[in-house]
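Colleague: Make the full structure from the sequences, and use the hints.
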Amino acid sequence: MAHLVEIRGLRVEAKTDSGRRIEIIRGVDLDVADGEILALIGESGSGKTTIALSLLGYTRAGCRIAGGSVTVDGRDMAALPEAERAALRGTMVAYIPQSAAAAFNPSRTVMEQVIEVARIHDLMPPDAARARAVELFRALALPEPETIGARYPHQVSGGQLQRLSAAMALIGAPKLVIFDEPTTALDVTTQIEVLRAFKAVMKESRAAGVYVSHDLAVVAQIADRIAVLKGGEVQEVGATGQILARPTHPYTRALLDAVEPSAGAARPAEAAGPGPLLEVTEVVAGYGRIGPDGMPLVPAIRRVSLTVERGRNLGIIGESGCGKSTLARVIAGILPPVSGRIALDGTPLAPAAAQRPRDALRRLQIVFQLADTALNPAKAVGEILGRPLTFYHGQRGRAREARIDRLLDMVRLPRALKTRLPGELSGGQKQRVNLARALAAEPELVICDEITSALDSVVAAAIIELLGELQRELGLSYIFISHDLAMVQSICDRIAVMVAGEKIEELAPGDFGAPGTHPYSRLLHASMPKLDPGWLDGLGRDAAVEWPVRAGAAS
Amino acid sequence: MKSQIAYLVLNRMAAALVTLLVVSFTIFFATAMLPGDVAEVLLGQAATPEAVAGLRTAMHLDEPAILRFLRWIGGLATGDLGTSYANAIPVAKLIGGRLANTLKLAAVTAVVSVPVALGLGILAAVLRGTLFDRVVTALTIGVISVPEFMIATSAVLLFSVYLKWLPALSFANEVQSLGQLLRVFVMPVLTLSFVISAQMIRMTRAAVVEALDKPYAEMALLKGASRTRVVLRHALPNALGPIVNAVALSLSYLLGGVIIVETIFNYPGIAKLMVDAVSTRDLPLIQTCAMIFCLGYLLLITIADIVAIVSNPRLR
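Residue numbers (our numbering), protein chains in the order written: chain G, 1 to 555; chain B, 1 to 316.
Read the hints as simulated data drawn from the structure, not as lab findings. One or more hints might be untrue.
No farther apart than 30 Å at their CA atoms in a straight line, the calculated lysine-lysine pairs in the DSS-like style are these [claimed, not checked]:
| no. | chain 1 | residue 1 | chain 2 | residue 2 |
| --- | --- | --- | --- | --- |
| 1 | G | 15 | G | 530 |
| 2 | G | 199 | B | 164 |
| 3 | B | 164 | B | 104 |
| 4 | G | 530 | G | 203 |
| 5 | G | 203 | G | 175 |
| 6 | G | 379 | G | 15 |
| 7 | G | 379 | B | 214 |
| 8 | B | 93 | B | 104 |
| 9 | G | 175 | B | 214 |
| 10 | B | 104 | B | 272 |
| 11 | B | 214 | G | 15 |
| 12 | B | 272 | B | 164 |
Beyond 12 Å from chain B on every Cβ pair, some chain G residues (computed) [unchecked claim]:
| no. | residue |
| --- | --- |
| 13 | 73 |
| 14 | 89 |
| 15 | 97 |
| 16 | 124 |
| 17 | 134 |
| 18 | 180 |
| 19 | 199 |
| 20 | 201 |
| 21 | 202 |
| 22 | 241 |
| 23 | 254 |
| 24 | 302 |
| 25 | 419 |
| 26 | 506 |
| 27 | 528 |
Derived CB-CB ranges, DEER-like [what the hints assert, rightly or not]:
| no. | chain 1 | residue 1 | chain 2 | residue 2 | range |
| --- | --- | --- | --- | --- | --- |
| 28 | B | 259 | G | 383 | 47 to 53 Å |
| 29 | B | 129 | G | 81 | 18 to 24 Å |
| 30 | G | 320 | B | 227 | 33 to 39 Å |
| 31 | G | 122 | B | 15 | 45 to 51 Å |
All C-beta atoms, glycine included, are put in the ideal place defined by N, C-alpha and C.
Modeller: This is how it looks when you write it as structure tokens:
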């Protein structure tokens, strides 16, 4: 046989809630050679994780391998009895999960879980396993390799956990490592460190890899070959350079376009209105008792000031925990600030939403990150959109129905969706409904809190495009909050950079990476993955220097 | 972090103490509000007003309620449970043997039902969706829906009347051999086990199912761990909190909630004593029994909460 992995005619069936069987993988053929890293790329639902898991002879609940073979090192994982599969897991094929934070058992120490593979398969005595684990920790550039294993998972940061999960996978010296979107949940600056560590240990161990991701730029750094998946079928396979330079399939081209969104289309310069639309001055917010210095016990926002001009967009960027979402909640009045002023169109707003007049609420709307939790799953789309119409505009009956239709048109959704429940819509459709609900109020300012983070890149790019069109049609202003610099740059006129609750700088989109700007802004800019396969290796070590405040933000 | 555990545990114990105080207050004033004058009831129809007044003074009934409460609670704290109104025997003596009987029954029931219930619950969770799981689930729902007197009477009908294997009544004081002990205990224990197991099975199943659905259980499976290992080493430790709470809630029922079972089997336990005390308006006895039930309940729940606190890795 020629290859370490040979997948032939793989078909996987899933059982829906109604008991219907549908085929989610429809006859896939793939090969992975010894020591080669193959990337599986595609949007959610394309079947990339299902294929990767089939290499371990495993399917998630409700799914089963219906046909074909998955041969790893001469053995068909699809046909082996469960006990023999279990014997190969961890020793022949190892798995690195999407969210290490969830994949580590919270009640046991990291070390126990890393060396569990050796214990299960009786590979080596515990002391030898521990020594090997420490070696791997060191190879993965983890801090305090000698003692980090004694900690519990919640005492270790997300990026470190992700590297620890790589140690957990490599301790059994597998021939094949499955990476299941291992950096998707990480901040860009952390992603670099983790990718670099992965790349180093994979080179060292000479193991082959299957890297599942929806991010072409990330994949470009680590994969030798790329397979593009859609609807449970392979659309295109090729060497990384070839896929990036000469994509043949239209879907691959759409994926490539989504990585580098076209820089913001020129917005109409109708700078009407004399003053700024929103003015936030010296706002302090947080949780807990307020100390004598006027700061709350756990401050989340420290004296942040910003302005949004009418018809212009302000981006707020920063890593998880920097306070950007809290700032959105403060502006919307969900979390009343401790001190500071918020003025809409020159009129001061009360701290809490409950004290604000209904018209002020109408003019300032917020769209949340997760449409799944923001939309009531028991209400049809029409009802969800109808409620703000009645609340803000007193519309009822036929006028309301007509307006709901227009709103659906506005967000480019078919009117027939009116009677559907949110659970029946796709992620992108739900986010459009979420947006339409904010538009129903006829706002002047819309706060978009990470609205594209949970979406696939192609779907997210479409939402961004929609935001631009709506802005031209309705003259809206956006506050666009995200951790994705490219996304923010593509739509915003000004971008505020936040670190640990403080706004450290405000830049024009084109000024990122320019000399003289704050080192953190430069770090953010440098950390954005590029499609160039040599990007990660070409990065100077200085680009990934541990930024001092990160230690606090990471925990 | 260690000090945080100590703080939380102490906090929990203080809360239990305060609850106990509030409950004692409630018990005392609730019984004090019962209609009728104790002295008149005790002396019967032929009581002269002088005799009633004399007795009231002797029993401190003419003092303000709050003073009587303090006197009573002080007595409880120093081990003086008062004297029964009905037969002038110290309450402690009346309760002593009965409490031991109830605890004996509770202990045997716990030893039988807890392992069986946890085992069934875990097994049902592991074999989720199979015939076994469905049968267990259906049976537990069935048992929850059937009132315990129904189970008890059916058991008597089956084992005593038709099969004639077991005596219909329990005389726990006449137990001399292990065989007799078994004969006395089988039916009450069976009935009580049915009643308390159902909840434990359901909670255990739910908690283990939840833990098995977590990514870390899948991760363990993908490391090559066997199903047994995934359940015992990964799922169970994280499901401990809710399981211990369900067990504590179920067991607390064995102290105060066994009135029906004790009555049907004529078992001389403390719950039956309390029912008798109510019919003779024996206030000190009622109050003490109520306090014992409450104490047992609080003790079990507090232990369960402390176990949950200590087993929480985030506090380690």
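Colleague: Taken at face value, is the distance from the CA of residue 272 of chain B to the CA of residue 104 of chain B at most 30 Å?
Modeller: Answer holds: residue 104 of chain B to residue 272 of chain B is near 15 Å, not above 30 Å.
Colleague: The hint says 33 to 39 Å between residue 320 of chain G and residue 227 of chain B; measuring C-beta to C-beta, is that right?
Modeller: holds (35 Å)
Colleague: According to the definition I'm using, a residue is off the interface if its beta carbon is farther than 12 Å from all beta carbons of the partner; does residue 180 of chain G meet that for chain B?
Modeller: Label violated. Min Cβ-Cβ 10 Å, cutoff 12 Å.
Colleague: Given the proposed pairing of residue 199 of chain G with residue 164 of chain B, does the C-alpha separation stay at or below 30 Å?
Modeller: It is violated: about 77 Å lies between the C-alpha atoms, which goes past 30 Å.
Colleague: Would the pair residue 214 of chain B and residue 15 of chain G pass a check requiring their Cα atoms to be no farther apart than 30 Å?
Modeller: Judged against 30 Å, a Cα distance of about 20 Å means the pair holds.
Colleague: Regarding the pair residue 15 of chain G and residue 530 of chain G, is the alpha-carbon distance no greater than 30 Å?
Modeller: violated (39 Å)
Colleague: Would you check the hint for residue 203 of chain G and residue 175 of chain G, treating anything up to 30 Å between C-alpha atoms as holding?
Modeller: holds (12 Å)
Colleague: Residue 134 of chain G: least C-beta distance to chain B exceeds 12 Å?
Modeller: holds (19 Å)
Colleague: Just checking, residue 89 of chain G versus chain B, shortest CB gap more than 12 Å?
Modeller: Violated, because the least Cβ-Cβ distance between residue 89 of chain G and chain B comes to about 4 Å, which does not exceed 12 Å.
Colleague: Residue 124 of chain G: least C-beta distance to chain B exceeds 12 Å?
Modeller: holds (15 Å)
Colleague: Could you see if the CB distance from residue 122 of chain G to residue 15 of chain B stays within 45 to 51 Å?
Modeller: holds (48 Å)
Colleague: Would residue 73 of chain G pass as off the interface with chain B, using Cβ distances and a cut of 12 Å?
Modeller: The assertion about residue 73 of chain G holds, with a minimum of 15 Å to chain B.
Going down the numbered hints, you'll see the structure goes against 1, 2, 14, 15 and 18, while the others check out.
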